[in-house]
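Hey, can you piece these two chains together into the complex? The hints should help.
Chain order of the listed sequences is X and U. So that you can map any letter, position 22 of the first sequence is 216 in our numbering, and since no number is skipped, the others follow by simple counting. So that you can map any letter, position 164 of the second sequence is 172 in our numbering, and since no number is skipped, the others follow by simple counting.
Heads up, a few of these hints could be off.
[To be verified] The calculated DSBU-like cross-link candidates involving lysine-lysine, where the alpha carbons are at most 30 Å apart (straight line), are:
no.: 1; chain 1: U; residue 1: K77; chain 2: X; residue 2: K553
no.: 2; chain 1: X; residue 1: K553; chain 2: X; residue 2: K629
no.: 3; chain 1: X; residue 1: K741; chain 2: X; residue 2: K396
no.: 4; chain 1: U; residue 1: K73; chain 2: X; residue 2: K629
no.: 5; chain 1: X; residue 1: K701; chain 2: X; residue 2: K210
no.: 6; chain 1: U; residue 1: K77; chain 2: X; residue 2: K741
no.: 7; chain 1: X; residue 1: K701; chain 2: X; residue 2: K553
no.: 8; chain 1: X; residue 1: K698; chain 2: X; residue 2: K629
no.: 9; chain 1: X; residue 1: K698; chain 2: X; residue 2: K553
no.: 10; chain 1: U; residue 1: K77; chain 2: X; residue 2: K701
no.: 11; chain 1: X; residue 1: K741; chain 2: X; residue 2: K701
no.: 12; chain 1: X; residue 1: K701; chain 2: X; residue 2: K629
no.: 13; chain 1: X; residue 1: K698; chain 2: X; residue 2: K210
no.: 14; chain 1: X; residue 1: K553; chain 2: X; residue 2: K741
no.: 15; chain 1: U; residue 1: K73; chain 2: X; residue 2: K741
no.: 16; chain 1: X; residue 1: K553; chain 2: U; residue 2: K330
no.: 17; chain 1: X; residue 1: K629; chain 2: U; residue 2: K330
[To be verified] Label-pair distances were calculated between CB atoms; the ranges are:
no.: 18; chain 1: X; residue 1: Y518; chain 2: U; residue 2: Q93; range: 35 to 41 Å
no.: 19; chain 1: X; residue 1: L672; chain 2: U; residue 2: V108; range: 36 to 42 Å
no.: 20; chain 1: X; residue 1: P721; chain 2: U; residue 2: S78; range: 47 to 53 Å
no.: 21; chain 1: X; residue 1: W219; chain 2: U; residue 2: Q327; range: 57 to 63 Å
no.: 22; chain 1: X; residue 1: D708; chain 2: U; residue 2: T92; range: 26 to 32 Å
no.: 23; chain 1: X; residue 1: L672; chain 2: U; residue 2: T92; range: 49 to 55 Å
no.: 24; chain 1: X; residue 1: Y518; chain 2: U; residue 2: S291; range: 49 to 55 Å
no.: 25; chain 1: X; residue 1: G398; chain 2: U; residue 2: R75; range: 47 to 53 Å
[Claimed, not checked] Non-contacting residues of chain X with respect to chain U, defined by C-beta distances greater than 12 Å in every case (computed):
no.: 26; residue: E214
no.: 27; residue: T215
no.: 28; residue: L322
no.: 29; residue: K396
no.: 30; residue: L587
no.: 31; residue: L627
no.: 32; residue: N704
no.: 33; residue: S715
Bear in mind the hints are in silico, worked out from the structure with no lab data behind them. The beta carbon of each residue, even a glycine, is placed where N, CA and C say it ideally should be.
Spelled out, the chains give:
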Amino acid sequence: MSSNAITVPGIPVEGKTWIETLHEWVTTVDHKRLGILYILYGLGFLVVGGVEALIIRIQLMHSHNDFVSPQVFNRLFTMHGTTMIFFMVMPVLFGFANYLVPLMIGARDMAFPRLNAFSFWLSAFGGLLLYFSFLGGSGLYGAGNAPDVGWWAYAPLGARAFSPGHSTDYWTLSTLVSGFGSIGTAINIIATIICMRCPGMKLGRMPLQVWLYLVMAGMVLIAITPLSAAQIMLLVDRYLGGHFFDTQAGGSAVLWMHFFWIFGHPEVYVLVIPAFGFVSEIIPVFSRKPIFGYPVMVAASVGIGFLSLSVWAHHMFTVGMNSYANSFFAITTMAVGIPTGIKIFNWIGTMWGGRIQFKLPMLFCLGFLFQFLIAGLTGIIQASVPVDWQLSLSYFVVAHFHYVIVGGILFATFGAFYYWYPKITGRMLNETLGKWHFWLLLIGFHLTFDVMHIPGLLGMPRRIYTYEPGRGWDTLNLIVSIGALIQAVAILIFVWNLIISYFKGAKAGNDPWDAWTLEWSTSSPPPAYNFATVPVVASARPLWDLKHPEDPDSQYE
Amino acid sequence: MYSFALLFCFMTAAAAADPASPGTNVFAPQSTPARSILHLSTFVLTVTGLIFVVVFTLLVYSISKFRAKSAAENSEPAQVYGSTQIELAWTIIPVLIVVVLFMATARVLHAMQDAPEPTNAIDVTVIGHQFWWEYRYPQLGVVTANELHIPVSDPAHPTPTFLQLLSADTDHSFWIPELAGKTDLVPNHPNRMWMDPEHTGTFLGQCAQYCGTQHAKMLLRVSVDTPADFAEWIREQQRPAVADERVAAGRRVFETTACINCHAINGTVASGRFGPDLTHLMSRSTIAAGAAPNTPESLRLWIQNPEAIKRGSLMPAMQLSKSDMDALMDYLETLR
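This is chain U alone, in the form it adopts within the complex (with noise of 0.2 Å):
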């Protein structure tokens, strides 16, 4: 019987479906793709599953009921080479479950793969980076990293988000698994995906195509709002960083080190594309694409010394001494 400790395992995941907490769980969807999913998926797995119980009890009954009864039993059973009728039907009912289950495929692969996008959708181009997201919203003139946001969508009237998904080096993957199935990021082969939030909330994710040394640490976060909060957040990321005359001697490092080869900020003379752009770094909650928490401690390790937080990170270290450590941590606090 140990066969059905498989049955047992989709039925165990199933079961720790909870909507509530922030998860990655692919049966606990919470957006239009996510749910379509899951609702085909169901059906495959019934379908496979009566298959899984038929044969399986054939066989366990094949193997109990012909065992031979004793060693020394000496003739032969009675010689069978085949049956044509039995060979048919074992044929063609399998052909007609494999009908089924592609029409069923092909209906929702359409419906999803070939969704017209609606005029209020939101754009927003993701850019996979060896290891950690851009997100540019080109209606809006907001570039971040790491962190997207979207609005939550309102069944009603449906505010969905279009991805735009490309490379600026290896293949990555862009999978939240509550809220859509994943899709690649693939250098010269631009992608298209969305997703329709039903809820407020963080989801997560993580890349899943594997990209260099830490694809394991380049994780992913939505937060999804409701508009209005939205909005606030898109009119906060359009302002240029803050100019503050208190924290310009750490300014000051941070444009005459090669901090701003790869960095942009805002406003200043910043404006390097290679690394996650800093404008708005302490209105996100992790660093180094989600490997730590943003707290001054951690920023300060990433630093000094990235390979303690993200061993293999293109992120170097930057040896800076301790007074212009501290500057610089003064100016990336005002970073809002």
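So that you can see chain X by itself, here it is in the shape it has in the complex (with noise of 0.2 Å):
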């Protein structure tokens, strides 16, 4: 704990070194400074990610290219994956959850602070491990460095006889570790909103970014388990003598798919969550109205997280299950789009009627919202088993996961940054830059991603270092590079713009959009202790009843 309980992040207390400061950011169990280190950290991760994908973009702009050898390129993408995932997206939006659920529902700390710490810490030191692997990942057999097993390290390419070395350990352990972290933050999160909230604040209060929360913690617990358990059995297995997924001593390759995925999918919905939080937040505030339907949309959001448990071998259709099998993910993978088409239709009337303001936290859900829909479309195409014989590992499902997590996730996550930052660090982030960084994502990812789908049905699979002329990818795969690089040219942007606003930024005030939910209605950035007098709430909306006493939303409950 720092010694000064009242510093607070972005305003330096004089006579302080630079010493003490570091000690106090890493020694903190304030769920504000923990949350901006998870954000930083993801941050950190999507530019090493970023340029991994830029080097495997660099090798594909044309047919027989040499950049890197195929080596090279399966570690590249393996880690790719395993960063953007475990240590990009889910940092960055445990990072939001540590940082905005306590303000919004008016709690000075998260329940656990101590262990928050110790979570952070372990999710930390699991890139750090993952990434070591470049160093150490070559062990005492001079095979390898890098994990090169794709981040799904389907079995039996992670077994000794395929993989020896450690680099698969260094993959093992690191998610395995990260995993803990994962799963002590869950536990918080869902400790944090069922004991912490204000007077007042009862479940249907609560804004529908922290319900999200709580439904994406209930779901890390359940799919982050299995991946655990997986983890372990891997291990017995490389250095114990086990043969859990040890194919040439009987063991199955199918088992570890089933484990994999049924962490897997649910993980695509862990990250997906938060952002429809960001959405259903940022919606509202620049269309001037409440969300639409918001009894509606909480159940959804629950169906969503039920749902999801039950689709994860649609991962699977070409491994062989039976025709029931293949049957029952199929519907339930259709059924997902059911609560998700609802969630669009309420997000387009919370627009209908309004008095919608283009700002940039409200750009990039719009760009949401098209993209999410497209990604939705391609998911139910594929769902459709036949069909998905052909897109199954191809470059269309590439393009298709990519649209959720950039199209979707990282465009909701942008949104949120534009919008939130100006409440923890006081300043707002600058205009124009953020057009610029809107706009050049914009073409480059439509760039990228909707012209990636066509070498995949044009037959080229995932995967591939390299592939052969005369098929029709050259010409795809260079305008599919270009659209990368232009995407890269706005990820600078944006870090520059979160660097220089942060010293020469318009101040915010305690509530730069007008909104309506608790953690506006303390100063920017919040004092250690948040809110002087924990408040009390009438409604969904504190602060619209607060600033329009004549027609508070808690006449209407």
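Here it is as structure tokens:
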């Protein structure tokens, strides 16, 4: 705990040496500081994973390119996937959870501040461990360095016979360790939301963001545990002579696939559900209307949470399950589209009849709506099992899930950055740079990921370090790579904006967006204790009630 | 309007379908499984395309219609909290759409996956290896590698080919987009797929499941022959290797080096199964699972320095002397 309890991030206190400041940040248990640490850590890995993606795209610019060797390429896509899922998107979303949940429910901190710090440092250690593989991965065998088994490490590729050395162990251990961190944070989020709400904050009055974090945390608990179990079983196979996944000794490769995807698919929803939260907070404020159908939105979120636990084997339609299993996972997968569709309609309903202001957070959320619509529809296409026999494992799938993660989750998360940056730092992000960031990212994104669907339809499988000429893939891949470079420029502008606005941005004030949730009632950045007096709320929009005493929401409850 | 780009993509790919040239286009089916998939795809694409148009229009309309007229506008719009009727409508309609999509899917799924095998079907066992394909014709006693030969199937009297899919090491996936969807080759988990090509010709594809370093150069070539050509090809493959005395020196090199640990040549001591069967090496148009054409130059390079053709392949560099190499090349040339 810091020696000075009312120190706030962003406001340097005179007379403190840098080593004291560093010590305070490293030992902090303040949810806001841990949130910022999580976010910065995730942004660091966004740059690292992005550089890996760029090298991949340079290699694939034309057929028979020789920019990197197949070994390096295989490491790159393994590291890119693992980094972006485990060490970029998850930390950033957990960071916003840490920062926002207590503020939104009128609490002074998370339920377990020390567990919170412990979880963050576990996750951070996991990321460092993964990248330490570049130094330590070859072990005594001299085979490989970074893991090269793909982010899902299908058995038996991860067995000792096919993956000597320690590179796969680094992958296993780093995701295992960060997985424990995620479980800790999930427990913390659930306990905080259940136990720490301010007086009057009934479950039905929580901001949707908090609801969605509750669903997300519940899913983390259910989804991460099978992955952790599978990782431990893999380690038993590799070092204690087990045969769970060792097919040469009668183990089952399909078992690993089930273990991985019963984690892997809910994981996608773990990532997208907080993004739904961002959109559900931002669209109402910039449409100047409450969210349309709050109870239905809550029900749809919980519904997605449950349904998404029953769809995992749609990643395995080509593995040779029988036709009944294939049918089951087809219908559950299509069924997830129903609550997701309800959400999209409710966001449109929120904008309907509003006064939409095209500020930066709203622009990114509109990008999210269009792109998530397409991502959802290409998902439905692939849920149709025979169609998936053609599309699965091809570049169509790569385009589809990048549409979800970049076009959906990342766009919503950028919206969240523009929306809450003023609260976190006390300063506004630069509008001009933000517009450049938005438009360049939008153009780059569509160049890359719209076009990427086509090579998949023309028979290009994923994870190939090079391809044959004369199949009609060259020009398309060149366009995809050019789009990736444009996106990289957009990300650089964003990072520059984060830095320059921290020092030179306009002062934000407490409530720059004229918003309605509790975090905007305290100062920007908030003091260590968040609220001088614990707030009391009477509706889902406490600040609306305060600003409109003649027509408060509480009147209609 | 940028999102129409995606629909445009689908249409471009569909338009690029040219049945005449060998390709890997899922929109140019040449066999019943691929064709049923295309029909189902067209239906699913139409339904999702309609959903896209409706929701896209709603989005664009609400964004352009309800934009704030001026920044100075102070009053808040009417605060609407929801509507049960509308919520019900946009719950029930998607439920109906899902039911329809699922029915269409289940029908094709069952028809393709549970199709009974006719008695006159050709059986081929496909075994995935790091990074090449082994083909065995159990009814015909033929073992070959990398280039699959199957007979064309007359729609009036179908002679489909049924593939039994096995793996010798890691997971692989067999994918010839114009003939059928892909099915994985998973160790300890035999799978099955079938195809009944309508036209003769060469069909391309490649391994679709990441299987290790050279996943990218594990290419597939399927030659669809007329029944007569297929029978002729089978007869040639059934013969043991020719024993030509003029190339006895090269044969000795083959039989006394590590070649025989991995490769088999019928009628010699070589019976290795780790690498492709070479009994009729010269009947194939490519080597190294399609990574190079089967010319004397590339074959020589492949034996001396496989890394130059396929980095990370499991073929070792053989380090032969010039004279041994020449003799061996002469011998391999006779394996027709």
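Taking the hints in turn, this is what the structure says about them:
Between K77 (chain U) and K553 (chain X) the alpha-carbon distance is near 14 Å, which keeps this suggested pair within the 30 Å criterion. Distance restraint check for K553 (chain X) and K629 (chain X): the Cα-Cα separation of roughly 9 Å lies within the 30 Å cut-off, and the hinted pair is therefore satisfied. Only pairs whose Cα atoms come within 30 Å are accepted, and K741 (chain X) paired with K396 (chain X) is accepted, the gap being roughly 21 Å. Distance hint between K73 (chain U) and K629 (chain X) is fulfilled; the C-alpha atoms sit about 22 Å from each other, no more than 30 Å.
Between K701 (chain X) and K210 (chain X) the CA atoms are separated by roughly 24 Å; this keeps the pair inside 30 Å, and the hint holds. Distance check on the hinted pair: K77 (chain U) and K741 (chain X) sit about 22 Å apart at the alpha-carbon level, within 30 Å; holds. Among the hinted pairs, K701 (chain X) with K553 (chain X) is consistent with the structure: their alpha-carbon atoms are about 17 Å apart, no more than 30 Å. Restraint check for K698 (chain X) and K629 (chain X): satisfied, since their Cα atoms lie roughly 17 Å apart, inside the 30 Å limit.
Proposed proximity of K698 (chain X) and K553 (chain X) is supported: the alpha carbons are some 20 Å apart, at most 30 Å. About 26 Å separates the Cα atoms of K77 (chain U) and K701 (chain X), which keeps this hinted pair within 30 Å; it holds. About 22 Å separates the Cα atoms of K741 (chain X) and K701 (chain X), which keeps this hinted pair within 30 Å; it holds. The straight-line distance between the Cα atoms of K701 (chain X) and K629 (chain X) is roughly 19 Å, inside the 30 Å bound, and the hint therefore holds.
Straight-line distance between C-alpha atoms of K698 (chain X) and K210 (chain X) comes to about 22 Å, which keeps the hinted pair within the 30 Å bound. Only pairs whose Cα atoms come within 30 Å are accepted, and K553 (chain X) paired with K741 (chain X) is accepted, the gap being roughly 21 Å. Proposed proximity of K73 (chain U) and K741 (chain X) is supported: the alpha carbons are some 27 Å apart, at most 30 Å. The suggested pairing of K553 (chain X) with K330 (chain U) is violated, with an alpha-carbon distance near 74 Å, which exceeds 30 Å.
Pair hint K629 (chain X) plus K330 (chain U) does not hold up; C-alpha atoms about 66 Å apart against a cutoff of 30 Å. Y518 (chain X) and Q93 (chain U) have their C-beta atoms about 38 Å apart, which keeps the hinted 35 to 41 Å range intact. Against the hinted window of 36 to 42 Å, the Cβ-Cβ separation of L672 (chain X) and V108 (chain U) comes to about 39 Å, which satisfies the hint. At roughly 37 Å, the beta carbons of P721 (chain X) and S78 (chain U) sit outside the given window of 47 to 53 Å.
The beta-carbon spacing between W219 (chain X) and Q327 (chain U), approximately 59 Å, falls within the hinted interval of 57 to 63 Å. The hinted window of 26 to 32 Å between D708 (chain X) and T92 (chain U) holds, with their beta carbons roughly 29 Å apart. Separated by about 52 Å at the C-beta atoms, L672 (chain X) and T92 (chain U) satisfy the suggested range of 49 to 55 Å. For the pair Y518 (chain X) and S291 (chain U), the beta carbons lie near 42 Å from each other, so the given range of 49 to 55 Å is not met.
G398 (chain X) and R75 (chain U) have their C-beta atoms about 31 Å apart, which leaves the hinted 47 to 53 Å range violated. Distance check on E214 (chain X): its Cβ is at least 45 Å (rounded) from any Cβ of chain U, clearing the 12 Å threshold; non-interface status holds. No Cβ of chain U comes within 12 Å of the Cβ of T215 (chain X); the nearest lies about 40 Å off, and the non-interface call holds. Against chain U, the non-interface label of L322 (chain X) holds: every CB pair exceeds 12 Å, the least being about 26 Å.
For K396 (chain X), the shortest C-beta to C-beta distance to chain U comes to about 16 Å, beyond the 12 Å cut-off, and the non-interface label holds. Chain U draws L587 (chain X) into its interface by the beta-carbon criterion, the shortest separation being 4 Å against a cut-off of 12 Å. Every beta carbon of chain U lies more than 12 Å from that of L627 (chain X), the smallest distance being close to 21 Å; the non-interface claim holds. With a minimum CB-CB distance of about 19 Å to chain U, N704 (chain X) clears the 12 Å threshold, and the non-interface call stands.
No Cβ of chain U comes within 12 Å of the Cβ of S715 (chain X); the nearest lies about 18 Å off, and the non-interface call holds.
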